[in-house]
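Number of protein chains: 2
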Amino acid sequence: MTKVTAEISTSLDGYVAGPNPTLEEPLGRGGEKLHEWVVRLKSWREPHGLEGGDVDAEDELFAASVRSTGAHVMGRRMFSGGEGPWEDDPNATGWWGDDPPFHKPVFVVTHHAREPLVLGDTTFKFVTDGIASAVEQAREAAGDRDVGISGGASVIDQCLEAGLLDELLVHVAPVLLGGGVRLFERVTPRDVEPADVTPSPVGVAHLRYRVPR
Amino acid sequence: MTKVTAEISTSLDGYVAGPNPTLEEPLGRGGEKLHEWVVRLKSWREPHGLEGGDVDAEDELFAASVRSTGAHVMGRRMFSGGEGPWEDDPNATGWWGDDPPFHKPVFVVTHHAREPLVLGDTTFKFVTDGIASAVEQAREAAGDRDVGISGGASVIDQCLEAGLLDELLVHVAPVLLGGGVRLFERVTPRDVEPADVTPSPVGVAHLRYRVPR
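Respectively, the protein sequence lines represent chains A and B. Residue 1 is where the first sequence starts when you use this note's numbering, and the numbers rise one by one after that. Residue 1001 is where the second sequence starts when you use this note's numbering, and the numbers rise one by one after that.
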C-alpha cells in the first residue's frame, strides 16, 4: 500500500514560515532557520546539484523520504509565492530555477488553470479542481511509491481535514519565530498515532505520526 | 547554579489546554489527553498518593524533574481556574484537595493579595507584584534546587519574554486539540538551544531546550 505523507519543518512555536514573506525572503523573517538542518545533508544536496553533505541517521531519514516519494503535492503559494492569474505572477516558474530538486511530478493546487511546466526532469502540473483531485492525480503518477504533501500549511491542513493523509512528519526546528504562518491553524480535534521520534545532531526533533482515517 | 525551567505538556498543534475550560473540565475539551502520559508513571503517582506506576526512562525524566525542583511558580488560572477576588472564587483552595502533589512551596501569580495557604506539606504563596518577583521568591525558597515554572501558557510566555527562563521542557502529546490555550502565542523571535529529545513508550516527545539569556 502506498501512503500519503505530509512532511514539513516548523518552529517550536508552530510556524512553517515567518512573518512578512517576500520574493526575496519567501519563508518570511527568520523562516530560513526552519530548513538549516536539511541543507547540510547529502540526500538534500544531491538533488539540488550540490556536492558533499553529511551522511548520518538524519540524512537517512531524509533520504528514505526522497526515495519513497513518487510525486509531490504543493500549494500555489509554496510554488511561486504569488496568487491570482499566472500572467501577473513575477515568479510564475517557481523558486527553483531551471532544474528544480524534485525530479518527479509535482501537482500544484491553484485556482488558475495552466499548461504543465517542465523544468529539467521535474514536471509541474496545475490542478484546479481541488486538493482531493491533486492527491488522486499524484497517487496515480507515483505508481508504487508514496505521495508527499510538501506544504504549505494550508494545503497540509486541508489534506488532514479531508481525510487524505496517512502520515505526518513534522521537523521541529529549535527556533521561536513569534509569528508567521501556522501549521494546524484550526483543525478538527483528533488523536494521532505516534510512530517514531528521531533526534538530530543539529537539534531538530523529527516527529512522525500515523493519521487514523 | 540553580536554574529556572518551564515544563508543560502541549498538543501537536501547540495547545496546553483545550477549548472551553470549566470547573468540571479544567483543561478544556480534550485537554486531559495532554497529561495521559504522566499518570502512568511511578514518579507522578507517588506524590499524588497513588500506588504503583511504571518505572522506565520516561519515569526517570519526570522523576529527575521532581527531584531537582525546589519550588514552583504558576498562574492564578492554573491554581484555581478563577479570576477576580478570591472570595468569589468557587475553587479558591485549588484543584488538588487537602494534600496537593507538590510537597514544596508554590508561588501563585495573581492580582489579588491573600495570606499563604497551607495544604498538607504544600504551601501556596500568592504574589501580587509580578512574575519576576514570583520567580525571585521561588528561587530563594528553592535553595540549592531549581525553580519549576508550571504554567499556564501565559506565565511561561511572560517568563520567556522577561528573560527569566534557563530551560524549556515541552512534552508534545500525540493529539490535535484544534483550539484552546496556545503556548508561545506571540513571543519575541529567538533561537533556542536544543538540549535533548526523549521519545516515550506512549508516544510523547519530550523536547528540552536551553534558553539563551
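No lab work stands behind these hints, which were simulated from the structure alone. For each residue, glycine too, the CB sits at the ideal point set by N, CA and C. Accuracy of the hints is not assured; some may be wrong.
Unchecked claim - Coverage of chain B stretches by chain A, computed from C-beta distances (three or more under 8 angstroms per stretch; other residues unrestricted):
no., region
1, 1025-1033
2, 1082-1092
3, 1172-1179
Claimed, not checked - Residues of chain A clear of chain B, computed beta-carbon distances all greater than 10 angstroms:
no., residue
4, E7
5, G18
6, K33
7, D54
8, G97
9, V118
10, L119
11, D146
12, G179
13, T188
14, S200
15, G203
16, V204
17, R213
Item to check | Hint check, failures only | outcome: Of the numbered hints given earlier, those the structure breaks are 2, 5, 6, 12, 13, 14, 15 and 16, listed in rising order.
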